[in-house]
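Input sequences plus hints: build the corresponding full structure.
Each chain, letter by letter, is given below.
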Amino acid sequence: MQARSNVSSWLGAIVIASVSAAPIAAQAAEISGAGATFPYPIYAKWADAYKTKTGISLNYQSIGSGGGIKQIISKTVDFGASDMPLKPEELDKNGLTQWPMIMGGVVPVVNIQGIAPGQLALDGPSLAEIYLGKIAKWNDAAIAKLNPNVKLPDMAIAPIYRSDGSGTTFIFTDYLSKVSPEWKDKVGENTSIEWPTGIGGKGNEGVAALSSRTAGAIGYVEYAYALQNKLTYAKLVNKEGATVAPESKSFQAAAANADWQKAPGFYLLLTDQAGKESWPITGASFILVHKVQEKPDTGKQVLDFFAWAYANGGKMAEELAYVPMPGRVVKLVDASWTANIKDPDGKPIWASR
Amino acid sequence: MGVSLSVPTRRRIDRQRLLDAAFRATTQSFALGVLVLLGGIMVALAAGALPVFRKFGWGFLTSEAWNPVKENFGAWPAIYGTLMTSLIAMLIGIPLALGIAVFLTELCPPIMRRPIGTLIELLAAIPSIIYGIWGLFVLAPFLQLTVQPALVSTLGELPIIGALFAGPPLGLGVLTAGVILGFMVLPFIASVMRDVFATVPPMLRESAYGVGATTAEVVRHIVLPYTRVGVIGGIMLGLGRALGETMAVTFVIGNAHRVKTSLLAPGTTISATLANEFTEAVGDLYTSALFALGFILFVITFIVLAAAKLMLLRLEQRAAK
Amino acid sequence: MTLYGRRRANNALYLALSWMATGIGLAILFLILWTLVRNGIPALRFGLFVENTPPPGSRGGLGNAIYGSVVMTAIATLVGTPVGVLTGTYLAEFGGASRVASAVRFINDVLLSAPSIIIGLFVYGLLVVPLHHFSAWAGSVALAIIVVPVVVRTTEDMLRLVPATLREAAVALGAPQWKVIVLVTYRAALQGMLTGVMLAVARIAGETAPLLFTSLNNQFWSVNMNAPMANLPVVIFQFALSPYADWQELAWGGAMLITLTILLLNILARALASWSNHTS
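Residue numbers (this note's numbering), protein chains in the order written: chain A, 1 to 353; chain B, 1 to 321; chain C, 1 to 280.
One or more hints might be untrue.
[Claimed, not checked] Here are some of the chain A residues that sit facing chain B, going by a computed Cβ distance under 7 Å:
#	residue
1	63
2	64
3	66
4	156
5	163
6	164
7	165
8	186
9	190
10	200
11	214
Since the hints were made in silico from the structure, they are not lab data. Source: prediction; values computed, not measured. Glycine is no exception: its CB is placed at the ideal position from the N, C-alpha and C atoms.
Here is the structure:
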């Protein structure tokens, strides 16, 4: 009997302690988000700097664009992040609004002994054929033709793709669909597709890890991942026939011609853009929030963070070779916040700056 | 009962009887709670799985599609991967477990029996995620660089079974996952076998030795036939664990929703699919497809584990005689 | 070769294979432990325990993950142990060989080996979906469901081991049945039951799958049980699969911590069990 009453009093103490800790924890402000792994490196950097400045924590779970969309629709997080923008009909159906937060490039990375970063060149059609499984070895004629001065080994190609629902996959396959009719026909573009061949990795992190670990691998990752992990990236031949390397310059060239004003719901894709210096696989990463904010204070905190990131995060973004959104787009986004995001009584929670 | 009890004493006795009944009722309800829990799990899984079965019917079990966007799902690659990796795990784990059980019961000097037995059981205590990262960082590269190319160039050249070892050596895949699983279930099967071997009456063993049988012959002709039911029970217990194992497999299976003949190819299992895709399944049908996979896994493991339990029970009853 | 020679050669072969099998088993154990220690030691520093999980590229530790694991393991044990003990008591003291008791024993053993990811799925449907958020409570419940069958099994076995004479002596002194069980039998079997609890703790300390969709993960320090909470296994899962060297180092450090804790608990539980065997 003694043992039983001791246990129950301990239990009671813990229950009371946890229950009373909950409201205290809630006051230490925390905004939660989940989604794309594409922008995760820069969001993590911003969150760290923001917490030092304001004490507000941003808990971002990088689980893939598919996960981000799911979590925001089921309201388990304050905002979702996705590299695949939702179409205006989908936004309306779920009561969401979206805006582009940051832009970056998706680069192919390879793991071939003796080949240095930026040494190998590929083009759209050959990339599609590799992922279709039609080009199976590195010394295939099609690859050799693009790389006359590189010694390619007689090694099997191991294509690595995203096993999770991924906006990076969407950007990559959107590009492949544009440059290869066979790809568009057989596979198509989306966050999750039926890959004809290869190994699946979870998140940009997983693809980067698998690519660096598997001999003969080719994968596609957001450029910051290639930079941070010193992966061997490849050059691509763009729409104009010029061979470009992935870097801030080529991403910005691709982004320069984007006409955000004409895009309803900011739905705009930046793959295979014109321009001699443009990187063919560029894309933007979007943030999704509900139009009606049931917790207006949290909603305002989310917008405060992103406004701060727009104003102060540009330099950090460029260090990681992301492309910050141009000022005129930021103004459009700001206006959309006031127009679209309201509290349950219909009052906008954001005053335009 | 000629004793007349005072009222307070009678009241105390009645109170104790009440407490007795209350205690018994409490323990009984908790025990029934275990049954309710199992029932609850089955109902929850079945309810979650219903939509996808309603849409695809039994075809869901044989379809190889897995397209979350077009909402076309099929369980076959996951089921195939689960069965295949478990099969490989059994092929590796059973002989090793048998060897270890024979060693511990027949060959080992008695002083070393406890320490070595404990060490083998520590293998069982290592969490599966550790097996997973060990597999990813140590075993997979090792297999990719040594064993797999050797398999491809030797067994891969043979006419029929060559197809099992075709394709580029990637390190990750069905074979690697099966090997890791084999290492994981090995201690479970070994400890059941060891316990079951110990139930053989010493007289039986000694009479065999008495007529001049070698140790191997005693094991093969006396111990194994006697403990046959228990050994099979232990094997099926190991199989049940292998079928449901998640973390060890997720790291090394390659996450490909495809069925290929080659063991070197990447694939997926039910639990690996769940671990990888559950948090991001958008759409009710996708979530339902995952619940359906969970339901199928639960049914498979339930059948295997129930059969194993029955067999072990029978052996225990026999040993008690 | 004579028949006898063949038999001896056969015997030698099979016994050699047995030695080899044991060697392989032990080699795997040591290989794994060696890999853990070699990769985990570089991560061992004081900061590992007090700093929180960092974004890639920054220094950090596993403080919030360790806290989350400890809290959820503790709550799961506190919730699961009474349930398991009471059920085991029923099976040992009241149920006997009745149909209900046999069924409960059978189902309990099945639950003991059931895939833990299924448990996670079940708790997701029960506690995450209706409440619209992940929580450490859901994670604790999932772990508690795994604790229960282990404790039931060991409690029943240990209670059965208590000699009938002890019980009979108590009854002869006039104790009601519940007092016999609680004050006499429990005390006699206490060490064994504690062993069972320690084994259960060792089991759930390393479980990842049930936490994947119940408590999720949290990169910051959080004591809010109603929200996602960091925990070691999921952090290891995430960090090990990443390409960042500092994250991988933390993953190995966490893996080493978990494994050493679990192995220690197992060895202690075994020592406790054999000590109680010698004293009882």
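Hint by hint, here is what the structure shows:
1. 63: holds, 5 Å
2. 64: This hint holds: residue 64(A) lies near chain B, its Cβ roughly 5 Å from the closest one there, short of 7 Å.
3. 66: holds, 4 Å
4. 156: For residue 156(A), the interface hint holds, since the closest Cβ of chain B sits about 3 Å away, which is under 7 Å.
5. 163: holds, 4 Å
6. 164: This hint holds: residue 164(A) lies near chain B, its Cβ roughly 6 Å from the closest one there, short of 7 Å.
7. 165: holds, 5 Å
8. 186: violated, 12 Å
9. 190: holds, 4 Å
10. 200: Because about 3 Å separates residue 200(A) from the closest Cβ in chain B, which is inside the 7 Å limit, the hint holds.
11. 214: Holds: closest Cβ of chain B sits about 6 Å from residue 214(A), inside 7 Å.
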